[in-house]
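Trainee: Here's the letter readout for the chains.
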Amino acid sequence: SQQGEEDPQALSIQEGENATMNCSYKTSINNLQWYRQNSGRGLVHLILIRSNEREKHSGRLRVTLDTSKKSSSLLITASRAADTASYFCATDASSNYQLIWGAGTKLIIKP
Amino acid sequence: DVKVTQSSRYLVKRTGEKVFLECVQDMDHENMFWYRQDPGLGLRLIYFSYDVKMKEKGDIPEGYSVSREKKERFSLILESASTNQTSMYLCASRGIAKNIQYFGAGTRLSVL
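From first to last, the protein sequence lines are chains A and B. Sequential numbering from 1 applies to the first sequence in this note's numbering. Sequential numbering from 1 applies to the second sequence in this note's numbering.
Chain A on its own, in the form it takes in the complex:
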């Protein structure tokens, strides 16, 4: 069952610009996570934000969470060609070990 929905589905920007991706979900959550997937590879965890947090930073990444709107955003500042990848949000809504995944945003950074 898919809970998260990312927006936009695809995003193409120039190197050096900021990239913003959004994620919406449907039920109450314990935390929300963002993962990156390079083409044809597995996913790599980027950042986790708990339901009682509103903003979190990690290097060039900034994540916000609005539980009243059931939405989150991932901002990548000063984008680089190496940021080209698909980005997925995943929500942890229960105690049964599962994450619920969105369909992903494909980000292309043009040199």
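Honestly, the hints are just simulated from the structure, not real lab data. Do not take every clue at face value.
[As the list claims (entries may be wrong)] Listed below are the simulated DSS-like cross-link pairs for lysine-lysine, each with C-alpha atoms no more than 27 Å apart in a straight line: (1) B:K57 - B:K18; (2) A:K56 - B:K98; (3) B:K3 - A:K106.
Using the hints, position chain B against chain A.
Mentor: This is chain B only, laid out in the frame that chain A set:
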């Protein structure tokens, strides 16, 4: 660093064949997962295991089975492969402390 290793990056099988996808993790994680990933559909959970010999169905278990005889190894079995099982298969593991999943590189399976 956590390492999750999937036995094959690419596999080509014939319809009706029995297919084994193997996954090994080296962090003594209790939980392991098998997903399939198709364009536009994100990750869909096939099965997960929360301990040795313990398994639970995910969202799309039909046509699949799993085996977890040892803590580090979680196998996905396609009993009789069909063309609609052509997909990217991803294995993940997770420890108890945080709900962060660590992924293998994926197996791209083509069933002809």
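Trainee: Are the hints correct? Go through all of them and say.
Mentor: To see whether the hints hold, each was checked on the structure:
no., hint, verdict
1, B:K57 - B:K18, "holds, 20 Å"
2, A:K56 - B:K98, "holds, 17 Å"
3, B:K3 - A:K106, "holds, 25 Å"
Violation of the numbered hints given earlier is absent; every hint is satisfied by the structure.
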